[in-house]
Amino acid sequence: DLMVQSEAFMDRLDYRGETYWVDYPIYYHSNRGLPQWYERLSAETDTGFVLGNHAGLIEKRRRAVKHANIRTSVLKKLADEQAIGGLIFTGPLERSMNYRKAVRRRRDFRIYDGEEHAFLGRPSADGVVAGGANLLPRVWQAVTRSSLNRYDTHQQFPDHVYQMLESGVMLKAFYAVYHKNPAAVMKRMLHVAGILPNAHTASGTGFSTPEENRAVEEVCKKYDLA
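Numbering of the sequence shown is given in this note's numbering, commencing with residue 554 and proceeding in unit increments.
Don't take each hint at face value.
Calculated cross-link-like contacts (lysine to aspartate or glutamate; reagent style EDC-like; alpha-carbon spacing at most 16 Å) [claimed, not checked]:
{"hint": "1", "residue 1": "K775", "residue 2": "D712"}
{"hint": "2", "residue 1": "K629", "residue 2": "E592"}
{"hint": "3", "residue 1": "K725", "residue 2": "D661"}
{"hint": "4", "residue 1": "K630", "residue 2": "E571"}
{"hint": "5", "residue 1": "K733", "residue 2": "D712"}
{"hint": "6", "residue 1": "K654", "residue 2": "D679"}
{"hint": "7", "residue 1": "K733", "residue 2": "E668"}
{"hint": "8", "residue 1": "K629", "residue 2": "E668"}
{"hint": "9", "residue 1": "K725", "residue 2": "E668"}
{"hint": "10", "residue 1": "K654", "residue 2": "E668"}
{"hint": "11", "residue 1": "K733", "residue 2": "D777"}
Computed Cβ-Cβ distance ranges for the label pairs, DEER-style [stated by the list, open to error]:
{"hint": "12", "residue 1": "L718", "residue 2": "L646", "range": "19 to 27 Å"}
{"hint": "13", "residue 1": "D554", "residue 2": "H713", "range": "46 to 54 Å"}
{"hint": "14", "residue 1": "G586", "residue 2": "L610", "range": "17 to 25 Å"}
{"hint": "15", "residue 1": "P750", "residue 2": "A678", "range": "33 to 41 Å"}
These are calculated hints, taken from the structure and not from any lab test. Glycine is no exception: its CB is placed at the ideal position from the N, C-alpha and C atoms.
Let's have the full structure, built from the sequences with the hints guiding it.
Written out as structure tokens, the structure reads:
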């Protein structure tokens with residue numbers, strides 16, 4: 554129902570940009586039968602999928618589950634479904650390497666880093682899904698392109714290296730402010746930057762604290778976003 558409503562909304566907007574569904578399946582579905590589930594689900598839409606794996610998210614469920622991660626053998630089968638184009642991964646490096654081995658038959662399958670801070674310190678081979686890109690899209694775009702394009706001739710110049718280092722410091726500074734309470738603090742940042750008219754959040758979302766609000770004001774002023 555959510556997929557149908559969302560796609561109808563995009564049709565009414567006449568939106569022509571690239572879209573895909575992001576789904577963290579282990580939050581509501583076990584590993585057993587997961588490939589068959591996506592085979593059925595993908596038949597209901599022309600929009601592709603990017604799956605998410607985040608054990609910390611699953612562990613916040615009130616009801617305990619047997620596995621908090623997509624099993625490697627299951628991911629291998631999921632990668633056979635052409636509608637699934639990638640995975641957003643948050644977790645230890647060892648599991649990430651095992652996942653990469655599992656999907657190596659699909660050269661177009663991407664494993665995106667789900668941790669912004671980790672990517673800034675050690676860029677992954679496929680890219681990153683960064684909440685901070687909502688606030689600083691051009692900066693994140695420049696850093697990501699530089700990290701992925703290892704043969705870019707611009708990287709040979711000291712000015713480029715210095716600029717990327719400066720950008721990395723900036724992105725880390727913003728991340729340090731919002732990563733503990735991302736929904737509320739990011740909304741506050743977008744409001745302070747003049748992008749959103751208010752900092753209201755959905756019911757059930759914790760408010761940003763006075764201390765967090767002060768930190769938002771400081772970092773936005775420091776980098777001329779306020």
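Hint check results:
1. Note on K775 and D712: the hinted pairing is violated, with a Cα-Cα distance of about 22 Å set against a maximum of 16 Å.
2. Restraint check: the Cα-Cα separation between K629 and E592 comes to about 14 Å, which is no more than 16 Å; the hinted pair holds.
3. For a cut-off of 16 Å, the pair hint linking K725 to D661 is broken: about 30 Å separates their Cα positions.
4. For the proposed pair K630 and E571, the alpha carbon gap of about 25 Å is over 16 Å, so the pair is violated.
5. At most 16 Å may separate the alpha-carbon atoms for a hinted pair to count; K733 and D712 exceed this at roughly 33 Å.
6. Pair hint K654 plus D679 holds up; C-alpha atoms about 14 Å apart against a cutoff of 16 Å.
7. For the given pair, K733 sits about 13 Å from E668 by alpha-carbon distance, which is consistent with the 16 Å threshold.
8. Between K629 and E668 the alpha-carbon distance is near 23 Å, which puts this suggested pair outside the 16 Å criterion.
9. Proposed proximity of K725 and E668 is supported: the alpha carbons are some 12 Å apart, at most 16 Å.
10. Distance hint between K654 and E668 is unfulfilled; the C-alpha atoms sit about 20 Å from each other, more than 16 Å.
11. Of the pairs offered as hints, the one joining K733 and D777 is violated, with about 23 Å between alpha carbons and a cut-off of 16 Å exceeded.
12. For the pair L718 and L646, the supplied restraint of 19 to 27 Å holds, since their beta-carbon distance comes to about 23 Å.
13. Distance hint check for D554 and H713: the Cβ-Cβ separation is about 48 Å, which falls inside the suggested range of 46 to 54 Å.
14. For G586 and L610, the Cβ-Cβ distance of about 21 Å falls inside the hinted range of 17 to 25 Å, so the restraint holds.
15. Checked against the given bound of 33 to 41 Å, the beta carbons of P750 and A678, roughly 39 Å apart, stay inside it.
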